[in-house]
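Enquirer: Sequence:
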Amino acid sequence: MSGMVTFRQRDYMRKLVADLGTRRDAVCAAYAQAERDGVVLRKRNSSNHTPEDYAARLWLDGTAKGWLTPG
Numbered sequence: 001m002s003g004m005v006t007f008r009q010r011d012y013m014r015k016l017v018a019d020l021g022t023r024r025d026a027v028c029a030a031y032a033q034a035e036r037d038g039v040v041l042r043k044r045n046s047s048n049h050t051p052e053d054y055a056a057r058l059w060l061d062g063t064a065k066g067w068l069t070p071g
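If you use this note's numbering, the sequence shown corresponds to residues 1 to 71, in order.
In short, the hints are calculated from the structure, not lab data.
Built from N, CA and C at the ideal position, the CB exists for glycine as well.
One or more hints might be untrue.
[Unchecked claim] Cβ-Cβ distance ranges computed for the label pairs, FRET-style: (1) 21 to 44: 18 to 24 Å; (2) 45 to 21: 25 to 31 Å; (3) 23 to 46: 25 to 31 Å; (4) 15 to 52: 15 to 21 Å; (5) 60 to 15: 15 to 21 Å; (6) 65 to 21: 18 to 24 Å.
Work out the full structure, taking the sequences as your base and the hints as a guide.
Expert: Listed below in structure tokens is the structure:
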């Protein structure tokens with residue numbers, strides 16, 4: 001992974017919304033793949049959520065709290 005750019009979770013979700021729009025399924029699928037590829041990292045996964053589950057939770061959190069909006 002040397003030289004690979006990694007993103008913070010919220011920043012990457014924002015990037016995906018900017019790139020893909022508000023298509024939840026597309027954004028969450030792209031986020032999950034990015035997590036598998038090491039582009040975005042989770043420091044811990046104590047609840048054993050899959051990347052897909054975690055992406056959906058981020059989407060819900062971001063839309064509820066307003067940090068994930070199309071720009």
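Enquirer: Using the beta carbons of residue 60 and residue 15, state whether their distance is inside 15 to 21 Å or not.
Expert: holds, 18 Å
Enquirer: Between the beta carbons of residue 23 and residue 46, is the distance compatible with 25 to 31 Å?
Expert: Taking Cβ atoms as reference, residue 23 and residue 46 lie about 30 Å apart, which means the hint holds.
Enquirer: Using the Cβ atoms, figure out if residue 15 sits within 15 to 21 Å of residue 52.
Expert: The hint (15 to 21 Å, Cβ to Cβ) holds, given that residue 15 and residue 52 are roughly 18 Å apart.
Enquirer: Take a look at whether the Cβ-Cβ distance between residue 65 and residue 21 falls inside 18 to 24 Å.
Expert: Taking Cβ atoms as reference, residue 65 and residue 21 lie about 19 Å apart, which means the hint holds.
Enquirer: For residue 21 and residue 44, compare the CB-CB distance with the range 18 to 24 Å and indicate the outcome.
Expert: violated, 30 Å
Enquirer: Given a hint of 25 to 31 Å, does the C-beta separation of residue 45 and residue 21 actually sit inside it?
Expert: holds, 28 Å
Violated hint for the displayed structure: number 1, the only one.
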